[in-house]
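In order, the protein sequence lines correspond to chains A and B.
Counting from 1 along the first sequence, just add 162 to a position and that's the residue number in the numbering used here.
Counting from 1 along the second sequence, just add 868 to a position and that's the residue number in the numbering used here.
No lab work stands behind these hints: they were computed from the structure.
Okay, the calculated bits of chain A under chain B, using three or more residues with CB under 8 Å as the criterion:
1. 292 to 301
2. 434 to 447
3. 477 to 491
Restraint-style ranges between C-beta atoms, simulated for each label pair:
4. Asn382/A with Lys1168/B: 17 to 27 Å
5. Ser466/A with Gln942/B: 32 to 42 Å
6. Val459/A with Gly1002/B: 26 to 36 Å
A virtual CB, placed ideally from N, CA and C, is assigned to each residue, including glycine.
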Amino acid sequence: MKNWLKKNGKNFATYAVVIIAFIVMQVLSNAGVLTRSVKGYLIPICVYIVLAVSLNLVVGISGELSLGHAGFMGVGAFTGVVIAACLKGVIDNDILRLLLAMAGGGVVAGVAGVLIGIPVLRLRGDYLAIVTLAFGEILKNIIGNLYIGKDALGLHFAFKAENLHLAEGGKKILEGPMGAAGEKLATFGVGFALILFTLFVVLNMVNSKEGRAIKAIRDNRIAAESVGINVTAFKMKAFVTAAVLAGMAGALYGLNFASVSATKFDFNTSIDILVFVVLGGMGNILGSVIAAAVLYVLPEAMRSLYDYRMILYAIVLIVVMLMTWSPKFKQMVQIVTAWIKDSVRKLFKKSGKEVGLNEER
Amino acid sequence: MTETDLSAFVIDCQEREETVLSFIQSLINGISIGAVYAIIALGYTMVYGIAKMLNFAHGDVIMVGAYISFCVTQYLGLPPIVSVLAAMVVCTLLGILIEGLAYKPLRGVPSLAVLITAIGVSYFLQNAAQLIWGSAPKIYPSVVAIEPVQLFGGQIVITGQVIVTVVASVLIMVALTLFTGKTKIGKAMRAVSEDRDAAQLMGINVNRTISTTFAIGSALAAIAGVLLCSTVPTLMPTTGSMPGIRAFTAAVFGGIGSIPGAMLGGILLGVIETFSKAYLASEFSDAIVFLVLILVLLVKPAGLLGKQVQEKV
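Build out the structure end to end from the sequences listed, making use of the hints.
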């Protein structure tokens, strides 16, 4: 029992934190404490938590720097919007439609993940980073020039507006650089369910044979290969799982706004997600959850500072990185804490003698 | 040959000549923007080769350089050459400052941590620029005052910017090659890039060498900023970020860490970009550029001129 708890305690803590946060938010929301704008952040926060956790699977657990995660999010978002628009009128239940759209977004993003993973995962280190960046930009570029319309005959695809040839009464779903006209189907409950699903998938994967193999590859590729681990296959599993989850999150994101455009899913968004992962701690799933939530809210919370908020965000980012990583800073912290401990102990010793508590050294 | 045949032949020749000329014009434009990428990529490659870090703030140093030069010519009314020098001085100091404050404390920690810090610096520079100069784009007047050269009766125009950019990039490449090959500090740089610990044991001041590299890289960024804005005249706080990414791609393309590689990668990237805009689909030029990069990396994983390093257990 003790061993079991030791092994799984951290996972339970992760689930517990997420569930408690959800309940607190629900209660606050029902009590009417939350303003409209705060409620508006809830679903994007869910989306970014899922993105951060899934990217952590690639960057933290698998040890591959991926700079194109937003590309998968974009693929999922646009697939989700198209599926939701197609099923409109076929399925009346909005939640079911949303779930189907998310599943579709996940599948298509997963397929993109397989196609990209085959060439990418053969490369190493910074080259892998630049190729994932390149793929993210390619995905963005293609989505940004894709036109999809729907009419009585079915779906029409084109890369130019005039080639769409829609029949009478047809409707454009995706309009190239103008983006897609989505619907607001997303709910906080579904977002929360998606987080739980993501945690379930990722935590189970990490604590399984797959996870151990992936971590072995991360720590020493050659040694892992020599004990018979198929390096490419296991890296691929992590990469595609992350892509599927990012696609689902993307679909949720796309169906949360009245319109989405491809420029949202660019390099900067990928970088933002990476920042969540690194600040939360690489390989630390709970860390990703907290970092994504806090860092998403931080610039919004600093809105009263107007122009200074992004510069403050940048400074916070640099200072946190220096504080967590700089050896000198760590040394300084150690010296200061040792000094405080020492002086506290001395203080206690002095007063302790009188009371007779000086066994403690 | 009848007269109609002859005139058809003449027309045919003229058409061919026009296609050839427009091809040459595209090539020149491509080389021009490619030369700007090459200068940025040279800075990236220097820093990467020696500090082994992706300096994502490099693109924003370019933007700062362009703004400094803009201010010196517009507000102080000084000649363009002074503005370039001023931009170089400011960017060099900025580079040393950034390196000392943000990167030096993180020496020896995992490269991803340094990467995130670099992203923080990049955000900082962009937002600081927005506070100082505002987010509205400024029209950057070209610093080059050379008359355009016209060939084939004006069918091919080589502007002054093109000449200056190409000449500058070649000069910089040659100078950097000589610098790293012949001078003492250049040799120290190569030693540090090959094996930092061994270099330190040989009495090389690693910290100072890395700072010098950042200084040189930032001075190059200033020149690149001026030339970039002379070619594409809108100047905004985000001006540097996309060319920065492109140039980073160019550096990887040519083999990161290699000076001629950065030059070759930059020029090729510029030419591919212009050609895909002129002959293929202009809206997919981004996708085409990155697709070529991926294909090259699949065939030659270390880039065109990069060295393949064998891993040892």
